[in-house]
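**Q** Here are the chains, one letter per residue:
4 protein chains.
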Amino acid sequence: MSGSSFGQMFRLTTFGESHGPAIGGVIDGCPPGILLSEETIQQELDRRKPGAGIASTARKESDRISLLSGVFEGVTTGTAIGFSIANEDQRSRDYSQVKDVYRPGHADLTYDAKYGQRDYRGGGRASGRETACRVAGGAVAHAFLAARGVRVRAYTLELGGIPASRLDPEGAQDRAFFSPDPQAVAAWTERIKEVKGQGDSLGGVVEIQALGVPAGLGEPVFDKLDARLAYACMSVGAVKAVEIGAGVQSARMTGSHNNDPITPSGFASNNAGGILGGISSGQPIIVRCAVKPIPSISQEQRTVTRDGQATTITIGGRHDISAIPRIVPVLKAMVLLTLADMWMLQAARRY
Amino acid sequence: MSGSSFGQMFRLTTFGESHGPAIGGVIDGCPPGILLSEETIQQELDRRKPGAGIASTARKESDRISLLSGVFEGVTTGTAIGFSIANEDQRSRDYSQVKDVYRPGHADLTYDAKYGQRDYRGGGRASGRETACRVAGGAVAHAFLAARGVRVRAYTLELGGIPASRLDPEGAQDRAFFSPDPQAVAAWTERIKEVKGQGDSLGGVVEIQALGVPAGLGEPVFDKLDARLAYACMSVGAVKAVEIGAGVQSARMTGSHNNDPITPSGFASNNAGGILGGISSGQPIIVRCAVKPIPSISQEQRTVTRDGQATTITIGGRHDISAIPRIVPVLKAMVLLTLADMWMLQAARRY
Amino acid sequence: MSGSSFGQMFRLTTFGESHGPAIGGVIDGCPPGILLSEETIQQELDRRKPGAGIASTARKESDRISLLSGVFEGVTTGTAIGFSIANEDQRSRDYSQVKDVYRPGHADLTYDAKYGQRDYRGGGRASGRETACRVAGGAVAHAFLAARGVRVRAYTLELGGIPASRLDPEGAQDRAFFSPDPQAVAAWTERIKEVKGQGDSLGGVVEIQALGVPAGLGEPVFDKLDARLAYACMSVGAVKAVEIGAGVQSARMTGSHNNDPITPSGFASNNAGGILGGISSGQPIIVRCAVKPIPSISQEQRTVTRDGQATTITIGGRHDISAIPRIVPVLKAMVLLTLADMWMLQAARRY
Amino acid sequence: MSGSSFGQMFRLTTFGESHGPAIGGVIDGCPPGILLSEETIQQELDRRKPGAGIASTARKESDRISLLSGVFEGVTTGTAIGFSIANEDQRSRDYSQVKDVYRPGHADLTYDAKYGQRDYRGGGRASGRETACRVAGGAVAHAFLAARGVRVRAYTLELGGIPASRLDPEGAQDRAFFSPDPQAVAAWTERIKEVKGQGDSLGGVVEIQALGVPAGLGEPVFDKLDARLAYACMSVGAVKAVEIGAGVQSARMTGSHNNDPITPSGFASNNAGGILGGISSGQPIIVRCAVKPIPSISQEQRTVTRDGQATTITIGGRHDISAIPRIVPVLKAMVLLTLADMWMLQAARRY
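Protein chains in written order, with our numbering: chain A, 427 to 777; chain B, 427 to 777; chain C, 427 to 777; chain D, 427 to 777.
Keep in mind that a hint or two might mislead.
Stated by the list, open to error - Residues from chain C shown here face chain A by an in silico Cβ test under 10 Å; the list is partial:
#1 Ser431
#2 Gly442
#3 Ala448
#4 Gly496
#5 Tyr541
#6 His683
As the list claims (entries may be wrong) - Sample of chain C residues with no beta-carbon within 10 Å of chain A, all distances over it, derived:
#7 Asp472
#8 Asp489
#9 Ile507
#10 Asp526
#11 Asp594
#12 Pro595
#13 Asp600
#14 Gln624
#15 Ser691
#16 Thr737
#17 Tyr777
Claimed, not checked - To spell it out: a stretch of chain A is covered by chain B in this simulated footprint if at least three of its residues, at any positions, have a beta carbon under 8 Å from a beta carbon of chain B; those stretches are:
#18 524-537
#19 610-623
The hints are simulated quantities; they were obtained by calculation from the structure and are not laboratory data.
Small disclaimer: the values here were computed from a predicted structure and weren't measured.
For every residue, glycine included, the Cβ atom is placed at its ideal position computed from N, Cα and C.
Put together the whole structure using the sequences plus the hints.
**A** Okay, structure coming up:
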């Protein structure tokens, strides 16, 4: 039942609803001696901030992290790292509509089914706001992994059905929509404006690459690296598919095309996405996630009330048109957290 | 490191290599009072047996399960259920080739990287043979869930790029390739013969449906039902992508098309695949897995020796042409095991 | 490595050092619909506050809990409950002595050995201050269990070698030292004054009773109820022995004396301490903990510096003379947390 | 609910009832490259065999271990190690008495309360027979730890109230009752004969020492080394108290006597039992367990039937008079398993 923890050795536990006093969490298991500061984490948090782009809401949260423990004189001590992020935007609103009516595509109905009740303000625990804690955890995992030569980058491969090419994944970090393709930005902006005018929303595809991962990470037969990555990414709201390497396409290849030939200087291709038998091979790890369109739309939708009566709902207010780009740093964080955990599991057998 | 356990409450732990004395496992946490016998489990095991179809090897294993504990007078006692399956086909062979040469697409290289050594006979722990234990565990999960009205069925949606329609998922269980479409069988058989002649292999797509799952299963924010299903299915060797409901396609829809309208008599569509906010909604759960082609092919492939020298390998012997259909009961088992576990996690908060 | 979490279903994760900005934690898995408020938790926290009695320091912490999530409209929502407690007493002091010299009986040496460094201010993570988070978690477990008829009480059985009788365990809650014996209070007060004058410290024995626990809690063969209770209580700093029921004395009885006869109206004695075969029997659960004397004493002690040089240390400042009575609510909390967890594990098999 | 697994990294999962086809288990997480054979494990198993001494039953089980996986060419491969031990002594007996009547001091009543049913033959899962699997797991932990310089020895400190001195713990391994004191053997033998004549049984005290454990093992604040050791030992049936170092006596000392002075050449005493703040200090680890008398006695005892009627029971057949000496290798195994697990948890933060 305790579904708010992620990881076995490098473990993130989070708490917090959209409109409570604060969200936050605990990172337990991070080794001592890692350089870490609020600023390092804040930089990552700023990447997923609301209001950062055309696809996002105007909700203003400064999303300031407070580090509460586990860091002393600038480095981690090896003990639990506690942190919190205040919820600043708690304006009193009229929630009577969402309180009694289930929004299609949202978790309103299922939270009620599961818990018998829910904090309906702003989505409660099901709000995307909880992902800020994942980004904070990912920033700590980054600090740990960067010192070991691992680098993770995430970027948007597709938005509203319009693909980008992987021209410049390195530059994507500082480009609108985390786009690896400068050309795609204009087309995506256009598409978002169009859909916004229709009161509708868009989905997309995010790819995450991990470079510098040594061969040997992953714990067969169940905690394979690809299995843990799929779990990590699918746990992010809005993700509906996870692919590794060639992914869905590998089902349509023959073995002679799908197998990556091995040469003395490395693999000749990377359909495997850097993972063989559930263990990293030393090649770049490639994960791809399909992200569904934001369910909050201003078009009228059919639904039911809490007591099962037919009704319609038109969701007003300012909502994101797409989970992209804000979901990009979140998925990056989930890959970082997974790798840190698998790194330590592998390290445990070295002494 | 202990990656051989799956599940928190309803937990399967497995052991065993392809050519050791036996494979087997422990199912811990299964509630008492469930009707269970060796025959019940054997039926499921027989579905994934080698030699069961045109795509399979002629390896002859009777795969007889022995129940060693946890069942008394025909019902589970609530204590750990131990079982073993003898490895009968341990003929002495010449493994010098696979011992020193890494087969492309296999885990030879990564097991060596991880453990520094490996049992190279028949793939060792990385052999698909370990999935027999998953099927045994799934059969116990089935006994638990069937008594609670849950039914899981799995079928082949695509083989070698040739799609089937979902005409008759119910009949798929007893049809060749677990095909839901009688028409597809002939085309697939043809394709397999063709590829076999080329010394090559094929992949495909498997879909799993769970019917009768009540609303409320899943443990946000990390142990969401979809996250656990992705983890479960991706842990099966050869699976390279996992989709829930509309999956990859949802990334290309607008919100107004992707959202499933809610009516007093239920949802009007099921793009969500029966899961909202990581919690089951009461609709059928839909999971789809892309399966890569079998890496063992008789065409010559470039690779390296254990000490890094370039060489080529031509894999002789009889190998499956496709992991389908044998992977179908395995994926069904993984969904069953996941649902049993999530069921109990949800049940824990009821008293 | 992630040793800051306790419990599987009803799980407490804590963070925090003595002199960082705050301590706090997350309670995950608590079922929805439990009445809970900051005041309920505060009441328990106030019982372990510094400065509450003659054996305690004068350190002034208001130890005010802030509930940050998981409670809505006065009841738990079933989602993670986050909380924090600010560290108010962070006066700048001279820590040069404890920074470079290992205090005997403290964790200074072992934290350095484990982590290579430590937050030496006030004991850092090894400070007894972390137990406030256990008490907060225990208060939530209490809210859960009280509604199910379970009641836990803890009291001091012995202080500085002077025993109390179990005359009035019910009244102990509001008596000095949590003494079940009004007579013992004066003798203990006297003993503490005496030892304080000698610059020395005292240990004692705490007993915890759980009433109303139904038969059936405990998960053999490893997660037996007594095993989990021993783990829970021994995880509290200063505890050096845990006994169940007759405990150490049972080793000296014959079977005919130690066995508790069973009658239609219940057991005729309770040497078992309410646990048979690791499962609760329906009798009161009895746990007893031996608590070592506070290691901080103002007598001169032999020790070494961080770099291994012989030296002596005289610990000044105001320190508790005994962990009793402040440890009493902490041990009560650990028993509550254990029972809530085992309750849910057992509940999981009921549907 | 899955209480049949022990350990996080070095994990033992067991199964098996007294009278089913077999008992056995899986050791998962053992690093690769450790020398291991059936013979190594068999040696340890032989130490706890029935019929090994005057205090034991004449039940004849050869207790032959079969290693089923995880070992290749004489060394561990790093994958799951499966093993089984056949139950040979399954003679058909008349169990009608124990089927319907609860034996005092046994788990009959609590298993029925928990599971609603039980395998009543020979105690079922609650039989001491399951400890053979612990010993097998401990033998693997020993192989891992011995190569790292850790040595664990266990011996009987007290039997039937008659103490031994710690004269020769090294020789205890090969002495009757695992006695560290040659003089105690005769007195204990005499006491057992006497009590046997009275149809009664005896308890005792076992001490376990771990030498060569480096400073740094243990995971505060909950998974402290002492907490995990208490959990490990208390999970063994018949253990009613666990003490670390001075244990219960530390409650009666003043701090100036209880604190172990530190000198450049090490600690001047070991009241702490080798653990400070829950972390090993480099001193010998000392654990002491109080073992209750065997509940099966041939004297008449008051009890009830399954349906609550008053009755009496006189337990016939051959039963052990004391769990000592057979419990000694079991407790040694539990300490070994704990140390192996904590070793790996600490190792995980080294890379």
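**Q** The structure should be examined with respect to each hint, and the outcome stated for every one.
**A** Taking the hints in turn, this is what the structure says about them:
1. Ser431: holds (7 Å)
2. Gly442: holds (5 Å)
3. Ala448: holds (4 Å)
4. Gly496: Interface hint status for Gly496 of chain C: holds (7 Å vs cutoff 10 Å).
5. Tyr541: holds (4 Å)
6. His683: For His683 of chain C, the interface hint is violated, since the closest Cβ of chain A sits about 42 Å away, which is over 10 Å.
7. Asp472: holds (21 Å)
8. Asp489: holds (15 Å)
9. Ile507: violated (7 Å)
10. Asp526: Per Cβ check, Asp526 of chain C is outside 10 Å of chain A; nearest 15 Å; holds.
11. Asp594: At about 38 Å from chain A, Asp594 of chain C clears the 10 Å cut-off, so the statement holds.
12. Pro595: With a cut-off of 10 Å, Pro595 of chain C remains clear of chain A, as the shortest Cβ separation is near 32 Å.
13. Asp600: Correct as stated: the minimum Cβ-Cβ distance to chain A is 32 Å, above 10 Å.
14. Gln624: The assertion about Gln624 of chain C holds, with a minimum of 34 Å to chain A.
15. Ser691: About 37 Å separates Ser691 of chain C from the closest Cβ of chain A, which puts it past 10 Å; holds.
16. Thr737: holds (24 Å)
17. Tyr777: holds (13 Å)
18. 524-537: Per the Cβ count (8), the hint holds.
19. 610-623: Result for this restraint: violated, n = 1.
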